[in-house]
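Asker: Sequence:
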Amino acid sequence: MRRLGLEGVVRGKPVKTTISDKASSCPLNRVNRQFRAERPNALWVSDFTYVSTWQGFVYVAFVIDMFARRIVGWRVSGSARTDFVLDAPEQALYARRPVDQGSLIHHSDRAVQYVSIRYTERLAEAGVEPSVGSVGAPYDNALAETINGLYKAEVIHRRSWQSREAVELATLEWVDWFNHRRLLAPIGNIPLAEAEAIYYQQFIESAQAACLTPKSLRTMRGGSLPIR
Numbered sequence: 001m002r003r004l005g006l007e008g009v010v011r012g013k014p015v016k017t018t019i020s021d022k023a024s025s026c027p028l029n030r031v032n033r034q035f036r037a038e039r040p041n042a043l044w045v046s047d048f049t050y051v052s053t054w055q056g057f058v059y060v061a062f063v064i065d066m067f068a069r070r071i072v073g074w075r076v077s078g079s080a081r082t083d084f085v086l087d088a089p090e091q092a093l094y095a096r097r098p099v100d101q102g103s104l105i106h107h108s109d110r111a112v113q114y115v116s117i118r119y120t121e122r123l124a125e126a127g128v129e130p131s132v133g134s135v136g137a138p139y140d141n142a143l144a145e146t147i148n149g150l151y152k153a154e155v156i157h158r159r160s161w162q163s164r165e166a167v168e169l170a171t172l173e174w175v176d177w178f179n180h181r182r183l184l185a186p187i188g189n190i191p192l193a194e195a196e197a198i199y200y201q202q203f204i205e206s207a208q209a210a211c212l213t214p215k216s217l218r219t220m221r222g223g224s225l226p227i228r
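Here the sequence shown is numbered in the numbering used here, starting from 1 and rising by one per residue.
Quick caveat, the hints were computed from the structure, so don't treat them as lab data. None of the values given here were measured: they were computed from a predicted structure. A virtual CB, placed ideally from N, CA and C, is assigned to each residue, including glycine. Each hint should be verified, as a subset may be incorrect.
[Said to hold, decoys possible] Between beta-carbon pairs, the in silico distance windows are:
| hint | residue 1 | residue 2 | range |
| --- | --- | --- | --- |
| 1 | Ala210 | Glu154 | 25 to 33 Å |
| 2 | Arg158 | Gln55 | 17 to 25 Å |
| 3 | Leu6 | Glu154 | 26 to 34 Å |
Could you put together the complete structure from these sequences and hints?
Answerer: See below:
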């Protein structure tokens, strides 16, 4: 379509949310479209979208943990400045408290907000490894785009919106439902929060089993007492 000079019909005035600065330096793409994680707090993906209201456009940002695709941070704002998109990972960092420095990757597109100095410095301060997709490659952040699409289909397109406050309340209710009650096929048709709970339970049981081995007991006892 691009070669033929064709464009699809758009209802209303389109809003461009991804505005990149090709002159600015960007982190490497550490994900390369491999949207999988073996544990929680290994890979977060971020993006934001817009919602038309009677009072003008509002913007909604999400941070998604790739292990179970759980939304771990979100924010609604009347502007798309860096402060707005930074609020979503701040919420995620407060709620999740990842402790292993360098073990968490944060991936986004090349929107100027995500590659800004303030955003990059905050990730570094939290010990989070930044990752950014390529310019003009929407599949580089496909999972975040998918969550945006679900949000629009299941919440936004169902009615007209009078205000930012109305969007914020509806988003709060949807995120709670999405995380705790929505069934997701890729994780076994169980809720996202339940998938994480199962992982942590299995992790605890494995750790307890490891601590009860003869070798670990000898280590705990200083190797001086026999194991019965």
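Asker: All the hints need checking, so say for each whether the structure fits it.
Answerer: Hint-by-hint comparison with the structure:
{"no.": "1", "hint": "Ala210 - Glu154: 25 to 33 Å", "in the structure": "42 Å, violated"}
{"no.": "2", "hint": "Arg158 - Gln55: 17 to 25 Å", "in the structure": "19 Å, holds"}
{"no.": "3", "hint": "Leu6 - Glu154: 26 to 34 Å", "in the structure": "30 Å, holds"}
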